Amino acid sequence: MSPQLTLQTPLELAPAEVPTYLEQLWAPDQQGSTGTGANTFCLLIWQPAWAEQQLVRSGRLSGPITGQQSDGLVAAGRQAVVDADLAVSTPPLDGEVIAAVATFQGSEAAEDLRGQYIDPALSALQPRRLITLAPTIDDGKGLETMVAAYCPLPEEGGGTTACGDVVVLRGGHHALHEGMAILEPLLPPSMPSWVWWNGFLDEAPALMEQLASAPRRLIIDTAVGHPRHCLDLLSKRVESGQAVNDLNWLRLRSWHETLAMVFDPPHRRDALSHIVQLDIDVEGHHPAQGLLLTAWIADRLQWELLSSNAVEDGIAARFRRPDGAEVAFHLMSVPVGQPSVHAGQLVGLRMISQPDNGKGVCVILCAESGGCMRLEGGGMANLELLEEVVPVKHTTPEMDVARLLGGGHDSTNPLLASAAPLAARLLA
Amino acid sequence: MTATITNPLRVGLRQERVIAPQCLVIFGASGDLTHRKLVPALFELFKQRRLPSEFALLGCARRPWSDDDFRGKMAEALAAKIEEEPQAWDQFSSKLFYEPVDLQAPEDVVRLGGRLDQIDQQCATHGNRTFYLSVSPKFYGSGCRALADAGLLKDPKRSRVVIEKPFGRDYGSAQALNRIVQSCGQENQIFRIDHYLGKETVQNILVLRFANTIFEPIWNRNYISSIQITAAETVGVEERAGYYETSGALRDMVQNHLTQMLAITAMEPPGRFDPEAIRNEKAKVLQAARLANELEPWNCCVRGQYGPGGSQTTPLAGYRQEPGVDPNSTTETYVAMKLFIDNWRWQGVPFYVRTGKRLAKRLSEVVLTFREAPVHLFDAANGGPTSNQLILRIQPDEGADFRFEVKSPGSGMRSRPVDMEFSYDESFGEPSDEGYVRLLADAMLSDPTLFTRSDEVEAAWRLYTPLLELIEDSPWQLPIHPYESRTWGPAAADALLARDGLLWRRP
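Same order as they appear, the protein sequences are chains E and P. So the first sequence is numbered by our numbering: it starts at 418 and just counts up by one. So the second sequence is numbered by our numbering: it starts at 663 and just counts up by one.
Any given hint might turn out to be false.
[To be verified] Here are the computed distance ranges between Cβ atoms for each label pair: (1) P/R1024 / E/E804: 36 to 46 Å; (2) P/V680 / E/E721: 47 to 57 Å; (3) E/P808 / P/D1135: 57 to 67 Å; (4) P/E878 / E/N456: 20 to 30 Å; (5) E/E721 / P/D1109: 35 to 45 Å; (6) E/D488 / P/E878: 54 to 64 Å; (7) E/R633 / P/H788: 20 to 30 Å; (8) P/A739 / E/E804: 45 to 55 Å; (9) P/F1084 / E/P606: 30 to 40 Å; (10) E/D488 / P/R1007: 33 to 43 Å; (11) E/M608 / P/S728: 49 to 59 Å.
[Said to hold, decoys possible] Some chain E residues close to chain P (C-beta under 10 Å, calculated; not the full set): (12) F458; (13) S630; (14) P632; (15) R633; (16) V679; (17) D681; (18) H684; (19) W713; (20) I714; (21) R717; (22) Q719; (23) K810; (24) H811.
[Said to hold, decoys possible] Beyond 12 Å from chain E on every Cβ pair, some chain P residues (computed): (25) P670; (26) G789; (27) L868; (28) E907; (29) G969; (30) P989; (31) E1088; (32) S1089; (33) G1091; (34) W1138.
Quick caveat, the hints were computed from the structure, so don't treat them as lab data. Quick caveat: nothing in here was measured; it's all calculated off a predicted structure. Every residue, glycine too, gets a C-beta built ideally from N, C-alpha and C.
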């Protein structure tokens, strides 16, 4: 399904008029017989779409700018990697790509519809209010505020429609800062509010601080931004008790499930107590996802971190198992020909166990999209070999966010809460 | 080091749906079901952290108990479970309340409304309520009406009613009861429970059929020659003689549990995994089902009653000798029958259904027997080749077996059957939840997928109407065949299949 455009052309209002206008819009005497204001949640989205803006400006992508992760955007990003002579394993919407495209000539203009395109997965949840902060690459641009009401059409027709509204604040960085004042009254405390930081986690720390304080619930992606900053931010927010959801963690779900599935048969569980080696391969040089998976395993198996060091090709660490034996860990960055949109996605995992009965077990999980020849090589002739292929689902960030919102995740996933601090320490 | 009991990597991965804050009200809270099944299931949900923190359980019955009395009675009944996790019980029991209520007394129901408002304040349950009627079936209609009259069902999004089996005694009474409950609330507020549908293995039939491409193409009359559905119990009537004397095996087991297994086994694939889509298909297949011989039901149905049995050291009383049973009782404790489903998929395929008490083994299973190979090329160790069978084991030893022919080792080309086995225990090693855990959670989530809709219940009763009428009007035409306790039922049931050249599977 393609994204839905608001039925009503957004109304441009002066920032100060927006809260009053919306208050009147949902006043009881204004509500029609078929639509009422949904009593659901508010979603505030930081939507810089830098890559899309630069690709459109340089004429490598045709407009309008929507902020959605379309196939065309990803393809244009991949082409830019080639044109800018970047390493082939550079993710197509990476910061390096944006920086390179920013140097390309061009001044194409296109309509900016950020905040007005609503992914069906999101609209199906009937949000009461979607607020989009849309910074422009022209930093001097003044503030524009737009408002539109929308009513998702109920599937199969009929029924009362719960309506919502969209608010878009667009402009240069300074102008957006000025507009912050109207946000507070737009996020009523009676309704849960989520802040989706759909940009680099380290690009505007002060703004994030201002927008995403508790009790607002935060959605981030630790694959976007400097790994150190991403994991520290995640860890601090989790420790503060704020509800945090990480899309990078969410993308690990088939890895979690597949690894757990390997040890579901009771006769294999003993092997979990005797792991001596854990190897993880990730795409490129962003270890956050690999470390989150490692931290989850270590936490579940009650391993204690003894040491962690950066090594030439990644990270090496040592853990101590509850029985005192050591586990060697190695995370390796591997180059890939067709990298995922998200930096540092898992390529493979190898877990070697040496139970007392001498019947060693080697578990190898490989991403469906790539091979794991390195992990499959050498030293396993005497081990029972269990290999599984992990399906890689291609979902857009909008679909992942909708999944989070639909699941009612009003607190941090306890597994993520336990893993995040350890993942940050592994990067130390 | 010994193997870990639970898989540590599995813990916390399951994404359970979130139950909204609410108060569960159980009518019949002093009864057997409450302390044997319902409260243990809720305690399990609490331990699994699946109940919201804003949750309350209000027990209601005529006995003049206090909150503490109710908590004490439940603690007594759940002593073994509490011993494992006393702290969890302390937390859970603080959510238990009790109100003496006679559902037939309007002033009691009005007072109940006040108590619920009070609990809403105390536990922040926001007026969201699930009412569970664990009372005598004769009070289902009046109970619903009392709740509706007190205004407790007026918000269809925040009130639900769960109704235990049996839903009616026959087609007419089920229709009448449906009319009453539907006048009290919307159909999506009514949850008719059949605990067999809460069983993991019954739900697995849906997954096995509709998540695999290998089964569905052969799941029809072209490949399947017959289907057997068995629910066998080793226990007798126990303390339920009063109820059982008025119901018998047909009403107690066949009309609900076995018919639900039949529906799930035989239904068409739903367009999507959606409560209405699934219930539409189940209702359709039940509407197409009929007794193999509706004009002469005695030719396709056998009734039996267990007699004495057991061994010299542990003798077992016959049904008529059980306390509370009429010594001349003609209530059936065993029933076997042959059905057909008149649709494109199943035309001509016999479905054999049997259930009984005091049989040789406790088990429930569905057995699909495939057609024989058209030409027998090989000698078979058993005389003739054994038909392929897919055996879905519902309980105990939950799993599935596929039986097929292989070459017997050695010279020559003789075939023999072997079993390819899947066992829940060996694959997952974790006990599955009791049916009530799943069904209580689903009801509180307002998910009706595993509950029977009005048209399904009516179709199920209509299916057995010729038999019920015969038993009522001329019972001699459907005589009770005695069988020895701890055997596989009366010989007449074997003869029913023998007429088609078949045997019951002896598990």
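Hint check, E/W713 versus chain P [nearest Cβ-Cβ separation less than 10 Å] = holds, 8 Å
message = Tell me if the beta carbons of E/P808 and P/D1135 are separated by a distance inside 57 to 67 Å.
response = holds, 60 Å
key: Range agreement (Cβ of P/H788 with Cβ of E/R633, hint 20 to 30 Å)   = Taking Cβ atoms as reference, E/R633 and P/H788 lie about 22 Å apart, which means the hint holds.
ask   = Is the interface hint for E/P632 satisfied, with its Cβ closer than 10 Å to some Cβ of chain P?
value = Violated - the Cβ of E/P632 stays beyond 10 Å from chain P, reaching only about 16 Å at its closest.
query = Taking C-beta pairs only, is P/S1089 more than 12 Å away from all of chain E?
reply = violated, 6 Å
key: Agreement of hint E/H684 with chain P interface, Cβ distance less than 10 Å   = holds, 7 Å
query = Per the CB criterion, is E/S630 less than 10 Å away from chain P?
reply = violated, 24 Å
request  = Note whether the CB distance of P/E878 and E/N456 lies within 20 to 30 Å or breaks it.
outcome  = violated, 42 Å
task = Would you assess whether P/P989, listed as outside the interface, keeps its beta-carbon beyond 12 Å of every beta-carbon in chain E?
result = holds, 50 Å
Hint validity - E/D681 Cβ closer than 10 Å to any chain P Cβ = holds, 5 Å
ask   = Beyond 12 Å from chain E, beta-carbon-wise, is P/P670?
value = P/P670 is in fact no farther than 12 Å from some Cβ atom of chain E, at 5 Å.
No chain E beta carbon within 12 Å of P/L868's = holds, 20 Å
Comparing the model with each earlier hint shows violations of hints 2, 4, 6, 9, 11, 12, 13, 14, 15, 23, 24, 25, 31, 32 and 33; every other hint is respected.
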